[in-house]
Structures are given as C-alpha cells and as structure tokens.
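Based on the provided sequences and hints, a complete structural model is requested.
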Amino acid sequence: MSDKPAFSVNVGGLKSRSKGTATARDVEKIDRAGDAHGFVDRSPKKKRGRPASPRTGQVHAKVLPEYSEEIAAEATRRGVTQGVLIEEAWQLYRGKHGL
Amino acid sequence: MPVIVIASPKGGAGKSTTAVLLGTELAHAGADVTMLDCDPNGSVTLWSERAPLPPRIRVLSDVGEAGIIKTIRTHDTDGSVVIVDLEGVASRLVSRAISQADLVITPMRATTLDATIGVRALSLIGEEEEALGRDIRHAVVFTMTRAIRSKQHTGIEESLKEQGVDIIEPALMERAAFSALFEFGGDLRGMPAQGRMEGALQNASEFAQAVYARLSAEEAA
Numbered sequence: 001m002s003d004k005p006a007f008s009v010n011v012g013g014l015k016s017r018s019k020g021t022a023t024a025r026d027v028e029k030i031d032r033a034g035d036a037h038g039f040v041d042r043s044p045k046k047k048r049g050r051p052a053s054p055r056t057g058q059v060h061a062k063v064l065p066e067y068s069e070e071i072a073a074e075a076t077r078r079g080v081t082q083g084v085l086i087e088e089a090w091q092l093y094r095g096k097h098g099l
Numbered sequence: 001m002p003v004i005v006i007a008s009p010k011g012g013a014g015k016s017t018t019a020v021l022l023g024t025e026l027a028h029a030g031a032d033v034t035m036l037d038c039d040p041n042g043s044v045t046l047w048s049e050r051a052p053l054p055p056r057i058r059v060l061s062d063v064g065e066a067g068i069i070k071t072i073r074t075h076d077t078d079g080s081v082v083i084v085d086l087e088g089v090a091s092r093l094v095s096r097a098i099s100q101a102d103l104v105i106t107p108m109r110a111t112t113l114d115a116t117i118g119v120r121a122l123s124l125i126g127e128e129e130e131a132l133g134r135d136i137r138h139a140v141v142f143t144m145t146r147a148i149r150s151k152q153h154t155g156i157e158e159s160l161k162e163q164g165v166d167i168i169e170p171a172l173m174e175r176a177a178f179s180a181l182f183e184f185g186g187d188l189r190g191m192p193a194q195g196r197m198e199g200a201l202q203n204a205s206e207f208a209q210a211v212y213a214r215l216s217a218e219e220a221a
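Protein chains in written order, with this note's numbering: chain A, 1 to 99; chain B, 1 to 221.
In short, the hints are calculated from the structure, not lab data.
Some hints here could point you the wrong way.
To be verified - Below 20 Å or equal to it, Euclidean Cα-Cα: the simulated SDA-like pairs (lysine to any residue) are:
(1) A:Lys4 x B:Lys70
(2) A:Lys19 x B:Arg214
(3) B:Lys151 x B:Leu113
(4) A:Lys15 x B:Lys161
(5) A:Lys15 x B:Lys70
(6) A:Lys29 x B:Arg214
(7) A:Lys4 x B:Gly199
(8) B:Lys161 x B:Ala210
(9) B:Lys70 x A:Asp41
The structure is reproduced here in structure tokens:
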C-alpha cells in the first residue's frame with residue numbers, strides 16, 4: 001500500500017467564507033425553518049420533579065395518595081410536621097429490623 | 001476554510017463513517033481538519049480514543065445545540081476544514097449546524113426508507129436557504145453499497161437526480177475496513193488489513209477527492 005496521497009489539498013486556496021450574521025434573530029429564523037420540517041428542540045431537559053433541598057440534600061419521599069392524605073391529616077391533628085411522623089415511623093422500622 | 005456538515009435525520013445511514021473517512025482522507029492530503037462530534041452517541045469521539053489521532057486532525061466532543069453555531073464559527077477560519085458529525089434525529093441542533101455549512105453531505109443507504117427520511121434534510125436545507133438568503137450547497141452520498149447495484153439503488157438515484165440533487169460519486173461501499181475504523185481508530189493506512197484494503201483506500205480517496213472538487217468549485221464561484 002502506498003502512503004503517498006492520491007491528491008493534495010491546496011490549504012491556502014480554501015478560505016473561510018461569510019455565513020452572514022448569527023444574531024438571536026438569525027438563530028430564531030433558523031429554528032423556525034427547522035421547526036417547520038420537524039427539526040425541533042431535542043436537547044436534554046432537566047430532571048422533572050421536586051429538586052433536593054439545597055440545605056439538607058433531602059428529597060421528599062413520594063407515597064401513594066391515600067397514604068399522603070392520611071399522613072397529612074395526622075400531622076395536622078397533632079400539630080407537627082410530616083417529617084416528625086416519618087422519623088417516628090423510621091424508629092419503628094429500625095426496632096423491627098434490629099438496626 | 002469550508003464547513004462540511006454531515007446530516008441525515010435517519011440513524012444508521014453512515015454519517016460517522018462518512019465523517020471519519022472524509023476527515024482522515026483530507027488530512028492525509030494535507031488539510032488541517034477539525035471534527036465536531038455533535039452526536040450524543042459520540043461515535044467520532046469513540047473513534048478518536050481508539051488510537052492516536054492521525055496528523056492534522058483534532059476532535060471536539062459534546063458540542064450541543066446551545067453552542068453549535070459559536071463553535072463552528074470559532075473554528076471556521078483559514079487553514080482548517082471543519083467537519084460536523086450530527087445525531088441521527090431531526091433536531092434543532094441539526095438545523096443550526098446546517099445554517100453554518102459550506103457543504104451539507106447527506107449519507108444515505110440505497111433503501112427507500114433511508115431516501116424518504118434523508119430527503120427531509122434536503123427539504124430543510126431549501127427552507128434555510130430561503131430564511132438566510134444564501135445558497136447552501138448540498139449533496140447525497142450513497143453508503144454501504146454493494147458491487148452489484150440493486151434496482152432500488154438505481155431507482156432512488158434516478159429519482160434524486162431528476163429532482164436536481166447532487167450525487168457524490170463514488171458511493172461509499174460496504175467494506176470491512178470502513179467499519180473497522182471504529183475498532184482500531186486512526187485511518188485506513190494504519191490498521192491491520194481488513195478485506196481488500198487497496199479497494200477501500202481507493203474508494204475513500206476518490207470520495208474525498210469528489211468532495212474536495214465541490215469545495216474548490218465553491219471557492220472558484
């Protein structure tokens with residue numbers, strides 16, 4: 001196999017050519033043209049759902065609606081936060097599993 | 001220097017193989033080549049990590065929708081060919097990259113499905129030309145073709161030509177060496193022999209020459 005190129009590129013002969021401006025308005029035009037042909041925004045989106053607390057890093061646990069309503073009602077009745085009930089539930093869980 | 005955008009909303013059409021073959025052949029012929037990997041699958045990046053890059057090639061990875069225009073413009077300077085490898089979906093990233101192109105190449109397997117979906121890229125180019133008020137040269141290259149041409153291939157090619165679509169000759173044939181680029185990295189000259197290497201080298205070189213001829217013609221015009 002010969003390592004000699006079958007052709008050579010005239011590096012000096014190919015110059016950068018103007019593509020016009022790229023202002024926000026130009027980009028909007030490009031995007032509109034793309035949208036018309038189904039070339040739409042598919043960039044990754046941020047995760048949906050409640051973000052973690054910036055202070056504690058906690059994310060609220062999601063539970064089924066019937067549990068959610070019961071926990072909320074009980075916390076209201078006792079005048080404590082729902083977190084207090086979760087702490088108590090966790091203590092029971094630890095006791096049950098010997099943690 | 002020219003910005004060559006490899007675009008097709010159809011996955012598996014041979015975009016990354018086309019990009020790597022074109023980049024390595026132009027670099028071998030003396031051009032400085034900057035390859036932008038805009039495909040979330042990172043095929044060009046994977047290729048670039050397999051082996052030391054051939055001389056005069058650099059690869060920039062993870063170029064997304066927000067930064068594509070700025071990145072192309074940053075590297076679109078005298079002295080370097082920019083090759084943009086795009087994702088195989090119809091996305092805003094694709095339409096933005098096309099807007100910065102001197103030449104858009106749409107790789108297409110010679111199947112009705114590839115042609116039907118690939119033509120969407122050609123329609124988009126027409127729309128962008130109108131929106132931007134400038135011509136964007138574009139061409140189709142058939143990929144993974146066989147020595148014996150199918151009736152489907154002939155029919156699709158005739159139909160495209162009737163519509164005034166520029167077809168790059170030669171097509172890129174189905175060759176073990178082309179797919180092996182992603183196994184060994186580097187260029188065709190540096191890998192262990194895969195099938196008939198002389199034929200693969202000739203095919204890749206003639207394809208790159210055909211692309212270069214179009215770029216030179218653009219300059220002359």
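Do the hints match the structure? See the list:
Taken as a hint, the Lys4 of chain A and Lys70 of chain B pair is broken in the structure, with Cα atoms around 36 Å apart against an allowance of 20 Å. Of the supplied pair hints, the one linking Lys19 of chain A and Arg214 of chain B holds, its CA atoms being roughly 17 Å apart against a limit of 20 Å. Between Lys151 of chain B and Leu113 of chain B the alpha-carbon distance is near 15 Å, which keeps this suggested pair within the 20 Å criterion. Taking the CA atoms of Lys15 of chain A and Lys161 of chain B, the gap is about 29 Å. The hint is violated against a cut of 20 Å.
For the given pair, Lys15 of chain A sits about 18 Å from Lys70 of chain B by alpha-carbon distance, which is consistent with the 20 Å threshold. Under the criterion of a C-alpha separation no larger than 20 Å, the hint pairing Lys29 of chain A with Arg214 of chain B is inconsistent with the structure, at around 27 Å. Between Lys4 of chain A and Gly199 of chain B the alpha-carbon distance is near 15 Å, which keeps this suggested pair within the 20 Å criterion. For the suggested pair Lys161 of chain B and Ala210 of chain B, the alpha carbons sit about 17 Å apart, so the restraint of at most 20 Å is met.
As the CA atoms of Lys70 of chain B and Asp41 of chain A are separated by approximately 17 Å, the hinted pair is consistent with the 20 Å bound.
Checked against the numbered hints given earlier, this structure breaks hints 1, 4, 6; the rest are met.
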